[in-house]
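Number of protein chains: 2
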Amino acid sequence: MATKTSPLSGFPELLPAARSVERAVIASLSDTFELHGFANIETRAVEPVDVLLGKGETSKEVYLLERLQKEQGGSDAGVGLHFDLTVPFARYVLEHAGHLEFPFRRYQVQPAWRGERPQEGRYRQFTQADVDIVGKDVLPFHHDVEVMRVMVEALDALPIPALSFQFNNRKLIQGFYAGLGLPDVVAAIRVIDKLDKLPAEKVAELLVSDAGATPEQAQQCLDLATIRVADTSFVEQVRALGVSHPLLDEGLAELEAVVAGCSAGERRHVTVEANLRIARGLDYYTGTVVEIFMAGYERLKSVGGGGRYDALASDGRTTYPGVGVSFGVSRSIIPLLADGVLAGSRPVPSAVLVAVTDEDSRAASDAVAASLRARRVPCEVAASAQKFGKQIRYAERRGIPFVWFVQDDPDGGVSHQVKDIRSGEQVAADPAAWTPPTDDLRPQVVTKEHQ
Amino acid sequence: MATKTSPLSGFPELLPAARSVERAVIASLSDTFELHGFANIETRAVEPVDVLLGKGETSKEVYLLERLQKEQGGSDAGVGLHFDLTVPFARYVLEHAGHLEFPFRRYQVQPAWRGERPQEGRYRQFTQADVDIVGKDVLPFHHDVEVMRVMVEALDALPIPALSFQFNNRKLIQGFYAGLGLPDVVAAIRVIDKLDKLPAEKVAELLVSDAGATPEQAQQCLDLATIRVADTSFVEQVRALGVSHPLLDEGLAELEAVVAGCSAGERRHVTVEANLRIARGLDYYTGTVVEIFMAGYERLKSVGGGGRYDALASDGRTTYPGVGVSFGVSRSIIPLLADGVLAGSRPVPSAVLVAVTDEDSRAASDAVAASLRARRVPCEVAASAQKFGKQIRYAERRGIPFVWFVQDDPDGGVSHQVKDIRSGEQVAADPAAWTPPTDDLRPQVVTKEHQ
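Residue numbers (the numbering used here), protein chains in the order written: chain A, 140 to 590; chain B, 140 to 590.
The shape of chain A in the complex, shown without the other chains (with noise of 0.2 Å):
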């Protein structure tokens, strides 16, 4: 049917044993979620444009879908595929709201689609989880504490190179822009955002030239962004800098119950820290905002990153505050995997082979597989009965780490042997009873220090 192979560049699909670790991060992932009261939902792919763009800034980037063969005025006009799983989960809620209870917490796994130029960790096609409370018309800051903390211990869990989760509050940003009396606070927090890739000194002069700054006021924002620790300090250092305002107070109240909330307990591998120069370049968070970034991988930017916004979704009368944050599963997993520093341990589920002696005794190794299968042991019957040696060098190709032999006897009854074909042990075993050890049992991640 198919007659040629068409590689699509930013499309990635995955190997057989790479998917099994994508699956294991993502059943990872909505283990905790699930822990802490998440339901998963499930969007559609494709939304109207004009939810699509309202979004703003990124109509470029949306996919339209077109039938090849239109009815005049179908009813399909007009829809793209999703570009991030906010705006599908914001026209949920409003279209679902009657059948909801508030504070709704979601999860979310899917795929979204982007008509970008695809580089490293950049796909056209990608898997994002999302993680979300939503409140109807209010929804209290301590949910922001609490979103965020799941993420930190969803992705503690992973078997990933470090994370920093990185912290600041949009209310202290604009209080102490206030409060030192900025002209134009929304083009200064544009202009601060520009700190990756400009030097100090140009941001202050734009700071200057495009947000309206006296030079003393610029050296204070730069002030304020410099600050980055790994503690609740960065609340006296902004003190220091002399600058009040009531925002400015309930903003840094705010970051710092988030990064107290987010160090406590014990983690394996993900730091948190209040960086002040983090601003999320999208105008909707209302206070807390988070990026995340992986050790190693920084050339990737962040891979997740989130906020509070104050009105997720509103219908004109009644609006959804929400607090949630988004982790790149295919934008860290896929480069991880391409670098060998995770892999999966096997391409294939099974954990045995049934050999197959002869064609005409088939049915003998079916009643193995059957017996293992019973006791949850994944297996599978060998395809031909070639030569043992064959059987087995068909199971090492498949990296399957034991191979079961059924042979007749000479009295008339049955014999059964199992072989752990890295060992080259070979015992005798009882089908109903036999168990592989469970590192075996399936497929595993395989870590390895990346360099």
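Treat the hints as calculated values from the structure; they're not laboratory data. Take the hints with a grain of salt, since some may be wrong.
Copies of the same chain look alike in the list, so a pair counts if it fits in one copy or across any two.
Pairs of lysine-lysine residues, derived as BS3-like cross-links and limited to a Cα-Cα distance of at most 25 Å, are as follows [what the hints assert, rightly or not]:
id, residue 1, residue 2
1, K275, K526
2, K341, K440
3, K440, K333
4, K275, K529
5, K336, K440
Let chain A serve as the given structure and place chain B on it in line with the hints.
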């Protein structure tokens, strides 16, 4: 951000409790497939249009992708969303053949898209579960029996109404027609495929007018097509029609093996039949064919199907024969959810709501939740420190069965109590030891007899 809702016909979305049912169905299917050694893969959502149109007939249903702001000659020109999982799988096999071991056993659970008119069980976006085995150059027939048995076992484990697997074999039909001396075997298969929609006498007329049959041959075609039995007695019934041909013999032997193999063992609600009118419209089937029907939902037509294709894919040098079967997850599950035959026991993963006495003691409630989660009990902490009666109703509305109370003792310590809000029973409990009954731990699939 989002400001209006836009329900889209043909793009169904599930509320969280219903989604938990869909997830349970997919997890159960995946579990069976993996126990049989099938590896999961995920293919990209898009394929080049020429790959999509290679299959013929369905061209008008394809959704093309277009960039909202196209670059000239962009590399994503001419791609569309896949309309099944077979075409992308065939392309995946060709593209990655050098990295796969054959026979290659894979399953795939993903959405597909068709721009057809929506109706019950037919959606523009729908999820399918496919399981296939693909060989390189050759694929022994016993894999036909194997893959069909795997789907029988997988569907037998689902909490859905009774299912009927109806098998036939293309070789049997073609051999019978050839032995009969029909001049145009392909045309005759097309006509016989209309037996669902047209009365037998009309089909007989078409066999004469469109397939060049004599009235006697037409009658024998009808006699063959009306054979339908739940065992292997069809072999005798076909033989009694007095037609002979080597291909007929082969088809009879294969169908007998499939029906016998799939009938073996205890089944909960799956039955197996030979139904000699099943042809399946698609031209690429070359042996075993199957359609799956759900009791009480015959109006959906088949909820699954598949078969053997001797040339799933070919790159000119190598041909990849395959055998597989697909189950329509959306097609079957969404109508069952809509009819209340299936439901989720609750819309949230949480088994416990930890009440909050006052905002100052939220940390004590958080600590209880952490302790429960450490023992894998999904829970959430109340969103606000309302009166306990309100917090209990908060749990009730979400179907959370248990509410946990943390209260200061007169002696300065803390006491813990857990209330089953269904029975009203409240007992002292230790957060480091208490566990809910297993059935309450996770949302369950609730089934109701279909009326």
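Results of checking the hints against the structure:
no. : hint        : in the structure
1   : K275 - K526 : between (68 Å within a copy, 19 Å between copies)
2   : K341 - K440 : within (21 Å within a copy, 68 Å between copies)
3   : K440 - K333 : within (13 Å within a copy, 58 Å between copies)
4   : K275 - K529 : between (64 Å within a copy, 17 Å between copies)
5   : K336 - K440 : within (12 Å within a copy, 59 Å between copies)
Comparing the model with each earlier hint shows no violations; every hint is respected.
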